Amino acid sequence: MPGTVRPPPGGTTATRKDDSTLKPVPDGPPPAPVAQRLRVRYAKRGRLRFTSHRDISRALERAIRRADVPVAFSAGFSPHPKISYVGAAAPTGVASEAEYLEISVTRRCDPGGLRTALDASLPPGLDVLDVVEAGAGSLADRLECSAWRIRLPGADPALARAAVERFNAAERIEVERLTKKGMRRFDAREAVVSLEAAEAAEGAETTAGQASSQSCVILRMVVRHETPAVRPDDVLTGLRLVADFAPPVPPEVTRLAQGPLDVRTGAPADPFDLDRDNSRGGETEPVSEHVGGDL
Amino acid sequence: MPVESLFPRLEALLPKVQKPIQYVGGELNSTVKDWDSAGVRWALMYPDAYEVGLPNQGVQILYEILNELPETLAERTYAVWPDLEALMRAEGVPQFTVDAHRPVRAFDVLGLSFSTELGYTNMLTALDLAGIPLLAADRGDDDPIVLAGGHAAFNPEPVADFLDAAVLGDGEQIAIAITEVIREWKGEGSPGGRDELLMRLAESGGVYVPRFYDVDYHPDGRIRRVAPNRPGVPWRVHKHTVMDLDEWPYPKKPLVPLAETVHERFSVEIFRGCTRGCRFCQAGMITRPVRERSITTIGAMVDAGVRASGFNEVGLLSLSSADHSEIGDVAKGLADRYEGTNTSLSLPSTRVDAFNIDLANEFSRNGRRSGLTFAPEGGSERMRKVINKMVTEEDLIRTVTTAYSQGWRQVKLYFMCGLPTEEDADVLGIADLAKKVIRAGREATGSRDVRCTVSIGGFVPKPHTPFQWAAQADHETVDRRLKALKDALRGDKEYGRAIGLRYHDGKPSIVEGLLSRGDRRVGAVIRAVWQDGGRFDGWSEHFSYQRWMDAAAEAGVDVDWYTTREREENEVLPWDHLDAGLDREWLWQDWQDAVNDVEVEDCRWTPCYDCGVCPTMGTEIQIGPTGRKLLPLTVV
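Note that the protein sequences, when read in sequence, are chains A and B. This note's numbering applies: residue 1 is where the first sequence begins, and numbers increase by one. This note's numbering applies: residue 1 is where the second sequence begins, and numbers increase by one.
Excised from the complex, chain B in its bound form (with noise of 0.2 Å):
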């Protein structure tokens, strides 16, 4: 069936709508093949907007991959804003890609990357502009196989009804993998239709197909038990780990946008996995162990991405870069190289310790020098015992006070809020850490000019964490501590006025609370509040908590239930037949040490404390040091 671009059906509504760049793709690296030779066509998605999800570093990685393979084709689509949306209904456009603009129907998978739980009703929109049944038991063999991944992907049961399929963990060996499924089983001529290639992708143990799981629940809402509907489904599904990362040295060619995106840089993972410990970061406990990048091929990358893409911000990601085994040699080897060329290097998240401030030195060489970061998340010595955030008082009135000497004015300081054991004086506590930090600063500089922003974050209890057996704060409690953080810092004539406080209301968060470790049953909710309107609800201006809370009280899902309620030690979770790989028995220790203010040292340093991920997965911890140096790049 020959498949038609929708570009000159879209491009007659493209003059009445925000933005309309966004829509028209042509980014520099991007691709577009042949439809008729690609035997096997991904349709990738990132659930947001498109200046959201178009730097995504999951999408561009899968997009690459898959277009290197041969008779295999990946283009893009993001959600369209909701004027957009109302003129594709009102003329019939159907959701497209923005490579090719093909409908997103016509294509073999539909493959969406969740970072957060707050795309869910963007991925209902596109279904449904798409021509797609919204659930997966009402779609035939003309549709495509709708395939999560992301971190959210880790307990996808609120919209299991919705998916075909979920895969856990790093995608660039199972992409390939379902590629090769799918392609055989077109090969001989699509045996069995829809189910028995579902069956086939289930059967490997690698993909999660919901349907194929039965979900039976005790009389007072608990699960009884999730157990597999037909021979040969297994009983576990399993996350996926890419070892050696050199092996994978993606972005090769970064996507260049024309339009402004929140992210304008090239973006280089140096490494994967976080084994810190903190209990609050889901991140940190789904993507054991660590596997660095070596020094070598991060230059080689950011050298190739650089070129390709005439970026002039280089960022190095990982889930705490400064703990690279020779981030030092990185640093300054990147800064060397690109003296006087006016390219900027960052650093995501810093630890707190003076070695940061080197770093910080170093990266700000090139480019300009803007504030400093520093997550001590807990406001107080007892509570960041509670999350296993090493970092005491002194360390970081020591390394502010370094950075503050040096010639850095600004520091901003990262918390959450709602934490479990949390009391009031927990938060109390960021009001007097901040004043000791700027009393630093001043004492340091010996001027009045030096500033601390501190931003809060509303904690949310995450699935495959130590805390997804506690209970949330509701928002009430939250937006109390908030308030009396604000009056203290506020009222303070000394040093309010040197502090800045950034914060968002607590309702967000139990909506969040509320997706992050639902059950199938949340479902229902998720679909209400999308045909009630609900769209892009990461975005503040869009986000009706009212419309989440009316549609629960309609399914009867009781959202206090799945939120704020702390869940016994047997208690079956939704997610508990989706392995991380964690032992269950070390999460619930975890937990009970975090209850008693003890804390858990690094395994990247200490001997192993059991986990559970290695053995489990079949991995290992890998770190340099190399020994290896940056050679400055030969001139041309």
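This is chain A alone, in the form it adopts within the complex (with noise of 0.2 Å):
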């Protein structure tokens, strides 16, 4: 064989001749075209909640090929799998028990078969919770806020509460965070639909595994999704800022929940409940104050 040289394999740099623009396409076939999208909520819990945006997807694209899934792929020279992730992440080191994305696939497929096929090839702590058939209408739109939970081992329970309280009054709260585009310094108590602290019941679960003989306090909050973002470390800074309160430990944030704002219960409601109204075909009642994607 040394010595022969093929001719040039699809190469990348071929020009379609009757393309007006001779924009350079690679050759071959074009990539197969899309039959279903499909919306998937997830969790990333316990130690994997350190994992950042990146870092699952490169092992979500990992566990899609383990698992066989059809995803579609990009036209162009680098093609890349049709999956987009919905809402912004939870940041590295928050739990989240409602994380969503949206995959596409060139044959159809049964979205429970595929919840369970995608959750076996994902390493435990990344778990699939629900698939559905992607409806009408953006998800993006749907998720208008979350819901979180905040664990502050070793905090003081009347001071925690005596903070919230101070929060829940104030009018406009002022923080500062370090974002990509520098320091911001922004109003973190308008985005608040709720914030209530408790204290945590005996012997509760906690993510780091520490006994829980000391208090512990569980802040729970409601935060409309705006720009730039409230993210629950500045709702702590927030605390810190009205009533000098700061917990001993590093927080354990968890997201509970995303979806449109349900006003009967002040929480998100499930973003899934119109895909599964329109696979239904309109035979149950229509559901719920949301249908209409306004509040």
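These aren't lab readings, by the way, just hints derived from the structure by calculation. Among these hints, one or two may not hold up.
[Claimed, not checked] Quick list of the computed label-pair ranges, beta carbon to beta carbon:
no. : chain 1 : residue 1 : chain 2 : residue 2 : range
1   : B       : D597      : A       : F77       : 39 to 47 Å
2   : B       : K33       : A       : R224      : 44 to 52 Å
3   : B       : E71       : A       : R224      : 53 to 61 Å
4   : A       : S84       : B       : E264      : 19 to 27 Å
5   : A       : S84       : B       : R307      : 24 to 32 Å
6   : A       : R185      : B       : Y545      : 40 to 48 Å
Treat the numbers as computed from the prediction; the structure is a model and nothing was measured. Here a beta-carbon is modelled for each residue, glycine too, at the ideal position from N, C-alpha and C.
With the hints as a guide, dock the two chains, each given alone in a separate frame, to form the complex.
Below, the structure is given as structure tokens:
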């Protein structure tokens, strides 16, 4: 074989003669078209809360390959699997029960089967909770708010309750955070729909596995998604500013839910409700006030 | 003694450090075994950051082989970054494994894989964090055996005081043999303590135990003699060579990290060893003879590895992959198998000939087409004869012409600076060569849209090579030649903008040279550098040349004597008692041939030239072709 030189294989710089723009396109057949879009809710739990968004996207692409999911690829010189992450990812170090993405596939898949296969291929701690076929409307638009839980081991419950009262009584609380665009100053109060403090029950599980003989405060909050995003650490900064309240050890933060703000409960509703309604073809009664997508 | 997970204590520190995911373990295909039912327990360390250490093939192979043994467990540990180190010291959290977060000091063996000498300070950090005394002499029966392997272990003398033992060569079989020696000794109730265990290992002739050897020096500082200091210890310790790689198809289940690492692919070693005879190349000298994996085993390993990992890139590793006797069929077979799956294939090092472009075309069929890389190594014909890189300018120009005319737009060329007998003109020759490459590319394509990147590494003379006697070029000379080269390229209006130049200054090479050819007296320098805060010396942002020079001066170690001094034929070299199988007289003759521009052929295709390895080690060249082909994979 040495000395024999093959003609160029599907070269990367070939030009389609009939293309008036003469933009280089790869040879070979175009990628298979999208047959279906699926929406996925997944959790990052336990030690895997330390994954960054990039870590998750690599793990997911590999899991998709191992699970033989017929994911669609983009056209072009470096084809990418068509996966879009919806909404703002929970920050590195923050656990979540409600992260969302959308996968396009080239062959129709049963959502339940995909959920099982993908979950089995992902490392424990990245867990697929729910898969639906995408209905009409944008999922991103439905992710209006998040519910968060913050565990504060060792914090004083009375001080926490007092700080929360002052926070809720304030009209505006300016906080600063280092963002990609530098130090930004913004209001951390207005986006907070609700915030309450409670004492953890004895023996509650701790993600850090620490013995919980000491007191432990649990903060629960619902925060609207705004720009710049108000994150749980911004609320903690706010508590420090209004009441000098500071937890003794790093807080353990979990996003519990994301979705449209349900005005009855003051909490996020399941954003997949609309997709499920669509797929049932209106057999069930039209649910809830978020039909139509506005509140 | 129960061993508890350190994770709860570590977890509290993780929110405060960069990239915490690298410390949590839980990689796909990682293994956690029950502590109490394992009789022999290994902690395997790659002494660099997780992102560099995780993909290391040596560690992954040993991890898998040891965990497959009954009643044996192996876990991994990596160097922690200074931010976590500071927190661990403040909170009293010891060095931990990432698998089950067990304390490293609780293991029987701490096995370190040294690909480069620049990991030595990281070893000291790990020992210190683990609570293991830095000096082997200070360790007790509760401390693990600190064992070094990897290419740098072919001269472990600079770290001899910190090591209990070192092994040379392929690790698969010797790791199992060491495990059995430890199991037997523990089974007998650990008679004679640590000393007897080390003696049992040393007696075999396959494990080097530095404390059982005394080094005497001449008044002028040269070594007079290295001799065993007790009966039963062999005068020389031999390297290990695995024959029949098809019997050892590891890794079978590659570790898939959650964190981003330097290589995100499934790699298969398609052969070990290289007999091209490049005189600067330590790997090519110490891994002889050539042992190929068969095309069918390669195909089966790639299939299993891709399925088990989900990686979308496959690397076919070796020291000169295009030299595999059936590489054409391997490339075509794999490219056919993975057609349309967005799985790309890559070949790390390429020879300068048209056949390689053929291969590269095949390999880029299912993935992206980046650049082509060739390694002429020397800028002039004479230089290439000195280093025995048998590539002519004509070969190179013909090859790049083919590459450019077949649609490749970017060619990368690797060279070295500071080679023995090198003069300014040899380095300036690199600029001429690069310009000719661009000219050939422009002629072949009729376009000015061709590029060439020149990458230059500093040459460091290595033990067990013909250049082990050579004077290393001082960093001023290297920097002066690099600057002249840079000026020659940047100042060129016609070609300058089409040629990129990448290089490092010459100082790190001097430290690497000190550690490569150092003896036991260099250990004090390593320790002083570490005590002064030296960490991660392979990272330019952490490396401090001044710190090394100050520590050497303090310890009374003359860096020039170790680096820029040419050695005489009969000088006892610090690693002479460590046997890589190479005949010392042959190495010396090859060094003389180098100086006289005499080249030597590859013994795979020409008669044996008596380097000594096969008869000394009882090994032989194992190459194909087998005549077999890769069949399409059955669709599930």
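> Which of the listed hints are broken here?
Replying inline: Violated hints: none at all, because every hint is consistent with the structure.
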